[in-house]
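Undergrad: Protein sequences, first through last, are from chains A and B. If you're matching positions, the first sequence starts at 1 in my numbering and goes up one per residue. If you're matching positions, the second sequence starts at 1 in my numbering and goes up one per residue.
Calculated from the structure, these hints are not laboratory results. Cβ coordinates follow ideal geometry from the N, Cα and C atoms, glycine included. Mixed in with the good hints, there may be bad ones.
[Stated by the list, open to error] The calculated DSSO-like cross-link candidates involving lysine-lysine, where the alpha carbons are at most 27 Å apart (straight line), are:
1) Lys264(B) - Lys304(B)
2) Lys246(B) - Lys91(A)
3) Lys127(B) - Lys148(B)
4) Lys148(B) - Lys91(A)
[What the hints assert, rightly or not] Restraint-style ranges between C-beta atoms, simulated for each label pair:
5) Pro284(B) - Ala100(A): 28 to 34 Å
6) Gln45(A) - Glu149(B): 19 to 25 Å
7) Glu184(B) - Val35(A): 48 to 54 Å
8) Ala86(B) - Ala100(A): 51 to 57 Å
9) Gln119(A) - Gln146(B): 37 to 43 Å
10) Gln119(A) - Leu155(B): 27 to 33 Å
11) Ser42(A) - Leu177(B): 42 to 48 Å
12) Gly66(A) - Lys246(B): 31 to 37 Å
13) Glu149(B) - Gly66(A): 17 to 23 Å
[Stated by the list, open to error] Partial chain A-side listing against chain B, Cβ under 10 Å, derived:
14) Arg10
15) Met28
16) Tyr89
17) Leu95
18) Asp96
19) His109
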Amino acid sequence: MSPDSPIFGRKVLIVEDEMIVAWLLEDMLAELGCVVVGPAASVKQALAMIDAAPIEVAVLDVNLNGEMSYPVADALTARGVPFVFVTGYDKERMLDGYRALPVLQKPFHRSELTDTLAQLLASAEPGVV
Amino acid sequence: MVASEQDKSKEQKAAESEVESFRKDLGPFVVAAETTRMAMVFTDAKESNNPIIFANDSFLSLSGYDRNEVLGQSFDAFFGGHVEPAALAQIKATFADGSKNDLEICFHRKDGTSFWAAVFISPVRDKSGDVVQYFASFVDVTQHIQEKEHLRFLLAELNHRTQNTLATVQAIAVQTLRGAAAKEVVDAFEGRILALSKVHSLLGSQHWEAVSLREIIDRILQPFGLNDRRTVRFSVNGDDVRLRPKAALTLALVFQELATNAMKYGALSHGAVGKIDIAWQVEPSPQGERMRLRWRETGGPPVKPPSRKGFGSRLIEVGLAQDLDGEVHLTYDPAGLVCQITMPLPRQAAA
């Protein structure tokens, strides 16, 4: 992936409890030239990672082994970090306040991930808003 | 609204005398209505406030009220306190025309608990045809509704698990094949899994009944630039048709193969400025309706028949014909690949 891609070199947090899927995400993001933070497999781990290092954008599985990742979403929102939910659920199954946020339906192609992250980073860019 | 004791006793008395009068006329039917397990209520349509003049034991035990708390009450006032305003409006609309008689309403009992009831309403007319009473019956369908909801929940859960499983299959395959197979092979496999998942999600959202051809085309060809406004590569023409799940799955995989092939060798290949026309029409046949669909590529590099048949062309020529009980012709026209599909359609639901 070329360095002029809008997501090249950006720090991306992965929150995903299923290891094999997390590895695929890691590979996809590494191929795109991103710096991967995580993967975090639980809300607690994710919150610790958000506190420990600066993050520019996040990919957030909704259901972490039965635990919903909404507190992570809230923490990212509070810090102004854009993120996308990934889920095998219908949007309708998500909590009211989170349904309008960007969602990638599992499984997805790397091009869908690239497009979504590029959009998120572009709209979060100061001065572009 | 609570009627004063005096009013209530007066109204109750009127109601009782009304019941007495049809007890005389109808004898055994009144006994039947009183003792049946179906909850029933009669109102006096001649009075402007439509008071309840009869409520059987089943209605009382279902609603949790005593007879003297129900009789003489205006129907609107009594039911207005126990069902949602929208449900009351539906019941009243049924009073007015008697046509739409498949209401399911949620009724709140005296003790605050609630039940779902299927409501049937019918006017009772006298000899001259004037409406003198309304009859309303209630069947407790709470369990049925709960089972339906549970089923919907299970189906959503199953859809979710299917999507997660496909995501895992994608992850395992990509990681297993990396380094061991050409990138082209990994991409082809991933594309097929993703196509399968898209139709599954579409079918899941339609409760596995029927899905629209246009939606399938939309989802499958989206990653190939179907809706790219900068360069229009596709034209899609035909009145939308509904497809059975199996036909939907097979057609989706076929479009996936055709589009992948077009990316590699055909109208969408690197440097080509080709186009893909997808058009179909529905025509009658002795066995019901049939669809003729044509995928035609133009503007790509000159087409040669493949030296070897891969999974894609096998799926198209053999799989499609078998799964869809249809006919498929692939023509390697030098000007562009043409794929013609003829297949039976299920009876289309009226639009």
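Undergrad: Evaluate each hint against the coordinates.
TA: Outcome of the hint check:
Among the hinted pairs, lysine 264(B) with lysine 304(B) is consistent with the structure: their alpha-carbon atoms are about 13 Å apart, no more than 27 Å. For the hint linking lysine 246(B) to lysine 91(A), the alpha-carbon distance of about 25 Å falls within 27 Å, and the restraint holds. Under the criterion of a C-alpha separation no larger than 27 Å, the hint pairing lysine 127(B) with lysine 148(B) is inconsistent with the structure, at around 43 Å. Among the hinted pairs, lysine 148(B) with lysine 91(A) is consistent with the structure: their alpha-carbon atoms are about 21 Å apart, no more than 27 Å.
For proline 284(B) paired with alanine 100(A), a C-beta distance near 46 Å fails the hint of 28 to 34 Å. At about 35 Å, the beta-carbon gap between glutamine 45(A) and glutamate 149(B) misses the expected band of 19 to 25 Å. Separated by about 28 Å at the C-beta atoms, glutamate 184(B) and valine 35(A) break the suggested range of 48 to 54 Å. About 26 Å separates the C-beta atoms of alanine 86(B) and alanine 100(A), a value inconsistent with the hinted range of 51 to 57 Å.
Checked against the hint of 37 to 43 Å, the C-beta distance between glutamine 119(A) and glutamine 146(B) comes to roughly 42 Å, which is consistent with it. For glutamine 119(A) paired with leucine 155(B), a C-beta distance near 32 Å keeps the hint of 27 to 33 Å intact. Checked against the hint of 42 to 48 Å, the C-beta distance between serine 42(A) and leucine 177(B) comes to roughly 30 Å, which is inconsistent with it. The hinted range of 31 to 37 Å is satisfied by glycine 66(A) and lysine 246(B), whose Cβ atoms lie roughly 34 Å apart.
Distance hint for glutamate 149(B) and glycine 66(A): a CB-CB separation of about 21 Å, consistent with the stated range 17 to 23 Å. With 10 Å as the threshold, the beta carbon of arginine 10(A) stays out of range of chain B, its nearest partner Cβ sitting at about 22 Å, so the hint is violated. Below 10 Å, beta-carbon pairs count as interface contacts, and methionine 28(A) has one with chain B at about 9 Å; its hint therefore holds. At a threshold of 10 Å, the smallest CB-CB gap from tyrosine 89(A) to chain B is about 5 Å, leaving the interface hint in force.
Checking leucine 95(A) against chain B by beta carbon gives a least distance of about 15 Å; that is not within 10 Å, so the hint is violated. Among the interface hints, the one on aspartate 96(A) is violated; its C-beta lies about 17 Å from the nearest C-beta in chain B, farther than the 10 Å criterion. The interface hint given for histidine 109(A) is met, as the beta carbon of that residue sits about 6 Å from the closest beta carbon of chain B, less than 10 Å.
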